[in-house]
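> If you want the building blocks of each chain, they are given just below.
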Amino acid sequence: MYCVMIYNRIALLRTEQGVSRQELAEKVGVNYQTIGFIERGDYSPSLELGFKIAETFGVELTTVFSDKPFPSLFATNKEKK
Amino acid sequence: MKRSTKVAISRWVVWACLVNWALFLLLLVVPFTGDFHSYFLLYSFALLPLLSFASVIILLQGLTTRDPKREKSANGMAARIIASLIIGAIVVTVYSITKSLWISPWDITLNRFAYENIGGGAGFVAVLLLFILSAIQKDIYWVARGKTLQLDERQAKDRQQVFEKSYKIGAFLVLLSAWFFEMKLHSLPQIISINAGSIPGDIYWLPYSLALTLFALPLVIAAWRKK
Chain X
1 MYCVMIYNRI ALLRTEQGVS RQELAEKVGV NYQTIGFIER GDYSPSLELG
51 FKIAETFGVE LTTVFSDKPF PSLFATNKEK K
Chain B
1 MKRSTKVAIS RWVVWACLVN WALFLLLLVV PFTGDFHSYF LLYSFALLPL
51 LSFASVIILL QGLTTRDPKR EKSANGMAAR IIASLIIGAI VVTVYSITKS
101 LWISPWDITL NRFAYENIGG GAGFVAVLLL FILSAIQKDI YWVARGKTLQ
151 LDERQAKDRQ QVFEKSYKIG AFLVLLSAWF FEMKLHSLPQ IISINAGSIP
201 GDIYWLPYSL ALTLFALPLV IAAWRKK
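Keeping their order, the protein sequence lines are chains X and B. Everything in the first sequence is counted per this note's numbering, starting at 1 for the first residue and increasing by one. Everything in the second sequence is counted per this note's numbering, starting at 1 for the first residue and increasing by one.
No lab work stands behind these hints, which were simulated from the structure alone. Hints are not guaranteed to be accurate.
[Stated by the list, open to error] Computed cross-link-like contacts, SDA-like style, restricted to lysine to any residue with a CA-CA straight-line distance of at most 25 Å:
1. B/157 x X/61
2. B/165 x X/61
3. B/99 x B/187
4. X/27 x B/153
5. B/157 x X/36
6. B/157 x X/23
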């Protein structure tokens with residue numbers, strides 16, 4: 001089966017907005033352990049769930065999910081300097 | 001009563017039930033040891049149905065888990081050990097019962113009844129362990145009466161994969177059993193002649209074991225899924 005690794009920034013967005021896994025799970029209507037699975041990259045969510053998560057954080061889908069690894073904040077900051 | 005107290009009591013009841021069953025089955029198959037032996041068997045006859053009933057209710061209600069919101073680990077270490085024990089118990093049942101079929105009840109050199117008891121006992125143990133495993137995997141695999149299965153998309157996908165795999169393996173096992181039965185059909189008259197012209201009652205453990213395996217497959221596959 002063709003399978004693409006989906007990278008995400010859920011943990012970062014959660015920390016930034018002070019949302020726990022449990023709260024996010026309740027908002028998007030899944031089990032809180034599913035959020036953990038998505039964060040670790042063990043499970044790729046459906047498009048519908050992806051949109052719900054992005055909507056909860058108030059950002060675009062592509063801000064949360066990507067098929068390429070997100071650049072680390074440390075590297076980005078270094079480049080700016 | 002606090003939930004933690006209920007959980008503690010429930011766990012003790014379930015453990016007491018398991019230990020009691022283990023001792024009961026052991027004392028059934030070992031040679032008679034004395035007064036304790038007969039007293040224990042007598043008291044077990046009274047206590048075991050009660051303990052088993054209580055344990056089944058406790059497990060169905062999920063009272064052995066401290067946090068009811070937490071998704072139980074369908075493929076945790078406990079589930080894996082119990083799944084292996086179920087397969088082991090089924091293998092012991094099939095082996096012991098098959099072995100007992102070929103020993104005449106009048107042959108005193110080989111203890112046919114020990115094989116029958118071990119086979120039957122292992123079969124009961126497999127059923128009991130199946131209950132325990134399904135209770136451990138309750139959130140994903142158990143549908144309580146009057147309660148719909150509320151799974152999110154990941155859990156539903158997991159469940160679907162497990163059942164698809166178990167149907168495939170189950171179909172293979174049924175075909176294998178049918179082929180094996182057809183191969184061994186000529187042995188049936190021999191077995192009947194060894195057993196004084198009748199079909200031994202314990203032969204039914206063999207189809208029961210197949211049915212038990214088919215029921216156990218989804219749970220065992222779920223338990224041995226990659227983490």
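> Does the structure break any of the earlier hints, and which numbers would those be?
2
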